[in-house]
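Enquirer: Keeping the supplied structure of chain A fixed, place chain B upon it in accordance with the hints.
Listed in order, the protein sequences are those of chains A and B.
Residue numbering for the first sequence is 835 to 1122, as defined by the numbering used here.
Residue numbering for the second sequence is 438 to 832, as defined by the numbering used here.
Don't read these hints as lab results, they were simulated from the structure.
Careful, some of the hints might be misleading.
With a cut-off of at most 16 Å between alpha-carbon atoms, the simulated EDC-like pairs for lysine to aspartate or glutamate come out as follows [unchecked claim]: (1) 682(B) <-> 667(B); (2) 498(B) <-> 511(B); (3) 1016(A) <-> 723(B); (4) 682(B) <-> 660(B); (5) 985(A) <-> 625(B); (6) 682(B) <-> 504(B); (7) 498(B) <-> 900(A); (8) 682(B) <-> 480(B); (9) 498(B) <-> 924(A); (10) 498(B) <-> 669(B); (11) 682(B) <-> 669(B); (12) 682(B) <-> 662(B).
All of these numbers come straight from a predicted model, not from anything done at the bench.
Listed below, chain by chain, are the residues.
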Amino acid sequence: MIFRTILLLLVVALHASSAQEGATRVIALRGRPQGSPRSIAIDSRLAADAALRVGDRVVIAAAPGEPGDTVVVAGVVQRRADPAEIARGEYRIRLHLGQLQALLGYGDRVDRFAVGTRSPAATTDAVARINATAFGFRAHRSADVAVETSKTFAVVSRFHRAIGVITIVASAIFLLCIMLLKVDERRRDVAALRLMGISAPTIVRSVVLEASAIAVLGSLVGVGVGLTASWIVNRHYQGVYRTPLRFSLVTGDIVLLAVALSLVLGIAAGWVAAMRLVRTPPLALFGR
Amino acid sequence: MIITLAFASLVRHRARTALAILGVAVSSAMLLDMVMLSSGMRESFRGLLLSQGFQLRIAPKGTLPFDTEATIRDADSLVALIRARPGVQAVSPVLGGQLHFPLGSGAVTAAALGVEPAVQGDYELVAGRNPTSANEIVANDALLRALGRTVGDTVRAAAGYDAQLRALSGERVLRVVGRVRFIYLALEQRAAALPIGTLRAMSGPELESRASVAMVRLRSGVDVERERAELERLLPRVTVISTTKALEQVDERLSYFRQLAVILGAVSLVVGFLLVTTLVTVSVNERIGEIAVMRAIGVRRWRIVAQIVLEAAAIMLVAAPLGLALGLVTARYLNSILARFPGLPERIDFFLFQPSAAWTALGLLAACGVLAGVYPSWRGASLPIATTMRQEAVG
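So here's chain A without its partners, still in its complex pose (with noise of 0.2 Å):
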């Protein structure tokens, strides 16, 4: 049964088994026979860095220049996409939890149990005899971990919100400014429209079917560049930082957002400035 993943500074001494087998020194681990050494599971960026393989042994050691133990690769393991390990560049190997407690020293200690219940009920009732009972430890709720090892990411979240909010603002300025120009450029057309007795409601539904036009096809646009955007995102920060993790999620809801807003922002600017221009004599507009 493999335990807990140590982190950090589990000094690993490389050996690569076909070339310096007979380099390494086999040590008979507390319990084992000789000659048979444990098995450890490294993650793919250690296996990758270090050249290692399923078979390879490395001898692992708790400090540099302490006698360590000479393990076998069992496996190599993908790390799961957990946005909290992503600035952190260690490697790490998973190792039996009796392995690890003796070569660290640690005696028969752990640092945390995982205690799985059979409902929400019998979770509040461990939690609580434990805490009632126990000594020199806590029990927690796995929810309540997650909210607490989530702050994180929930200041982040925050801060994307914000960010979000004042290109939004931005957006909506240069959106309405475009949309003035646009319908501003047409005055003339407008202007001999309303001079062949075409009514200022239907001037303006046409402009307005335009902005509509423009902001569908704009959005569309929008939502293609968002998702080349995030698909660069994606596969530039997955390389940076070595993880499978999605940095980038371009969801329905976003998406649906986005095409909202552009549309209501698209409308709202297109009447704004049509009104403007039906409410100017058309003379004016000829410039007379």
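Expert: Relative to the frame of chain A, chain B by itself:
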């Protein structure tokens, strides 16, 4: 004349000009924020590292200070060896740990730093004094509040629990002699500092003569990087980190924010540029007849170009102060969001205002303004005079 004409052209369409200025102001606010974000975090961290004058940090091999629970063995001899070097002015060993303060039926747990009070660089004294004897401790407000204690009170503290004996281990009665603010810890984090020897003794033989990190202050004039390399060569069991190296690590870990700043800054600049270019192009299209007449009466081409470029630059430059002010307000708001990162030292600012950031943003905006005017001005000034005038006259 150029200025008068440019001004007249801008005020002719007030709503349009106002919207353009508003749009550019929002873009420049975002640009300033992103310039502040890209450099502020780094400078803020640099200031934090150098605030106590320690240029080097010594951590267990392969780690960053307090990034892991690893400690340095035989730290006392290592510190003595470093202190003996001629370029070294002071060495401050620090041992990190936890203290448990029994309170009622439970206990309050706090981060503990074992330090040499005379040379420590981890906290600033707010009230009281530094510990001078073994059983004295200083604590921050968060811990004192949790304990309901103040300077002069005594507290019971233990370094651990012995689960088999169901008893606190390494228990002592300590006198609180100072109220402090920890420099590298978050404001809300409960923490205390006590003599390193006391914390070692309380923690038991496992931590005897160990330190988590040692900070080194060099004499003035000493080459920091050379001393770092020399110490690393002399001490193979440790990693010696200079401020430059630490900043490289920070850059690596927080590259996301830097890249975000570069991307959003570039997008803001492009949006501002497009807005002004569009506006000026439409404005030029509307008055090509006027431009042709000006050319016909002898106004030189470069004057036309200068007038149109001036219009574009004016929009940018009028919007810039507005944008910079808006940027400072939004930066403060965004910084208040990021300041809630768990464990972030109080003094770290993601958005740090520096005059250079404002000048950079202003310079980029001015350059963008000039560039935004180049295409429309070139187009306007290159129109054939006779043909344009005829087309305008006929309509």
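Enquirer: Now look at each hint and say whether the structure bears it out.
Expert: Verification of the hints:
For the proposed pair residue 682(B) and residue 667(B), the alpha carbon gap of about 15 Å is at most 16 Å, so the pair holds. Simply put, residue 498(B) and residue 511(B) have alpha-carbon atoms about 14 Å apart, close enough for the 16 Å limit, and the pair holds. Restraint check: the Cα-Cα separation between residue 1016(A) and residue 723(B) comes to about 12 Å, which is no more than 16 Å; the hinted pair holds. With a C-alpha separation of about 14 Å, the suggested pairing of residue 682(B) with residue 660(B) holds against the 16 Å cut-off.
A distance of roughly 14 Å separates the Cα atoms of residue 985(A) and residue 625(B); the hinted pair therefore holds under the 16 Å criterion. For the proposed pair residue 682(B) and residue 504(B), the alpha carbon gap of about 15 Å is at most 16 Å, so the pair holds. For the hint linking residue 498(B) to residue 900(A), the alpha-carbon distance of about 13 Å falls within 16 Å, and the restraint holds. Restraint check: the Cα-Cα separation between residue 682(B) and residue 480(B) comes to about 14 Å, which is no more than 16 Å; the hinted pair holds.
Under the criterion of a C-alpha separation no larger than 16 Å, the hint pairing residue 498(B) with residue 924(A) is consistent with the structure, at around 13 Å. With a C-alpha separation of about 10 Å, the suggested pairing of residue 498(B) with residue 669(B) holds against the 16 Å cut-off. About 13 Å separates the Cα atoms of residue 682(B) and residue 669(B), which keeps this hinted pair within 16 Å; it holds. A distance of roughly 9 Å separates the Cα atoms of residue 682(B) and residue 662(B); the hinted pair therefore holds under the 16 Å criterion.
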